[in-house]
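Undergrad: Listed below, chain by chain, are the residues.
There are 2 protein chains.
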Amino acid sequence: MTRRTSVSLRVGRVTIGGDAPIVVQSMTKTDTRDTSATIDQIMQLDDCGCEVVRLAVPDTEAAQSLVTIKRSVALPMIADIHFDYRLALEALEAGVDGLRLNPGNIGDKDQIARVVSAARHREVPIRIGVNAGSIPPGFQPQAPPVERMVNMALAQIRLMEGLDFGLIKVSLKAFDVPSTVEAYQMIARKIPYPLHLGITEAGLLRTGAIRSAIGIGILLYQGIGDTIRVSLSAHPCEEVFVAYEILKSLGLRKRGPTLVSCPSCGRAEVDIIALAEAVSKRMERIRTPIKVAVMGCVVNGPGEARDADVGIACGKGKGAIFRKGEIVGTASEQDLIEVLMAEVIRLDAGGHEKGQG
Amino acid sequence: MTRRTSVSLRVGRVTIGGDAPIVVQSMTKTDTRDTSATIDQIMQLDDCGCEVVRLAVPDTEAAQSLVTIKRSVALPMIADIHFDYRLALEALEAGVDGLRLNPGNIGDKDQIARVVSAARHREVPIRIGVNAGSIPPGFQPQAPPVERMVNMALAQIRLMEGLDFGLIKVSLKAFDVPSTVEAYQMIARKIPYPLHLGITEAGLLRTGAIRSAIGIGILLYQGIGDTIRVSLSAHPCEEVFVAYEILKSLGLRKRGPTLVSCPSCGRAEVDIIALAEAVSKRMERIRTPIKVAVMGCVVNGPGEARDADVGIACGKGKGAIFRKGEIVGTASEQDLIEVLMAEVIRLDAGGHEKGQG
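Residue numbers (our numbering), protein chains in the order written: chain S, 1 to 357; chain U, 1001 to 1357.
By construction, these hints were calculated from the structure, which means they are not laboratory data. Nothing here was measured: the structure is a model prediction, and the numbers come from that model. All the given hints hold, so there is nothing to weed out.
In the DSSO-like style, the derived pairs of lysine-lysine whose C-alpha atoms are separated by at most 30 Å in a straight line are:
#1 Lys248(S) - Lys1248(U)
#2 Lys1281(U) - Lys1324(U)
#3 Lys324(S) - Lys291(S)
#4 Lys1291(U) - Lys1324(U)
#5 Lys324(S) - Lys254(S)
#6 Lys281(S) - Lys1281(U)
My request is simple: use the sequences and hints to build the entire structure.
TA: So this is what it looks like as structure tokens:
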């Protein structure tokens, strides 16, 4: 997992690209014109770990709300704009930290130049976001779909480079995972800009999380990607949760507890699934990166979960408490969760002292 | 995505390896000695699409239940055995279609030879399943963890090859995704046998599905893997569901509907998430592979979901029905789901006629 080299840029206080950690983004699902609902959702996103938030700006009223919203929230904000260069100018005026637009669809050459010039003046980056399905039908109709996406992005990039603008991020999203992966691989070799990863229209939480994890996971494993947004038909904090789980699985970010739990089988003598669920629930507010194991048997449990900071391995009527694979005590079945949680809270407090919280 | 070449073998009626489709496995979580609960769970697994089921056989009583269980179910059964070669002999006697064991831990050389000979006689394959955490501490303690896993598996493979036994499958599971990926990549180049993929102790449904999707997804994308088991602390049918979603995302298997739905944003004029959830619920029993889209806006929706067989794109108070990206009609907001479902049911019926159901 050697990371692709990219230039870095800043979206407000957040650095994307270069050596910066992979940034987690999401998008509000409120009506942007409903200022108070939108501020509320951005606060929730900030609280659940989102690092950059995007807002759809479909009309002037939405663009005007950005002023109030921007004043009320700390998260860097990106305005998502289509079809009208004036919305982009208004969003920049409102103080947004980034734009997402496709220069080709917001106006004529002169209008594009005005947007790019205003963005340059404010040092606001622009993401070129090509979605497989929304490429104009007339653009290279004979080219294979993946090449069309890449060439569309390259055309937009050249247009902006021609205007002497380099604060560019790029995304190439499709629903189809192999196409998305291929498109990103192809463009990764051609440009120095940071890449924003995502799978479009991935669906509901259960299926969309899997689809996104595979697509984004394959690319991150290849070192491609500087910021990710998991698109789900669900509350945006679910998107953030899934994004962190992807990054944690690949060791790219740390955040909150990781639960190692065995799937249970005919050898288990207690209800491991219920136990694991209870422990997971009790750890919801913990932000320190701790690895906690809930294992079904004393014979293999501690060994299998050797890399857990703390864990329990359950036998008949009682269980063992272990740290880093070594058994350090036992407890009766009914005390097991409390004893485990005491260990977790102790580690969490230690984490806060060390400033990991 | 060129698939690694492997020899194929049969687990009962199911072929694993070679050109065979990637096989979906799961494991019962009932007490194997509780014959009726175990039969019940295997029936549920058969119904939800599981293709091979594994059962833990921790003692003689469990081994004896296999006779009754085997007689009552159609799914190929694999017995999971540790520490005692007699359990393996009893399981073979009971007619199981596969074994999972590590020859090194079931007895002395003579006892291993008896098991291997009985398996050869019945043409029953054996999976060597190395888990990172349960390698004996004395085995190559200085080697890096990934090499230890691979070398442990190779030692077991050589042992069985030395007994002239080649009906071998191999798994190398760890909790850590990058280690698991590296271990499978390494062994894939060294042996011709089919590989069984999985991430151990992946955790609860929500996080375990993501972790498994990344690990298994990266390997499948590289062409590695012939059968998969998603380990979750959840009902085994959830494991099967996640397994199929992984395979569907990579275009490796088809099964049931795929819902393309947009994440919703400040541009949506209806509650897309609720709508997508309702459609998903209504499609639960459909087995024909149909791609169905629920999109938030009429402007981009049909284009973005061009590869969907059928879809809806929602506007204010009404929506458009589209097939393969072309709008074919409109309906009022309250009729939208019914009109869409009529299309889905029509396609499902067509699918059954063509024998896809």
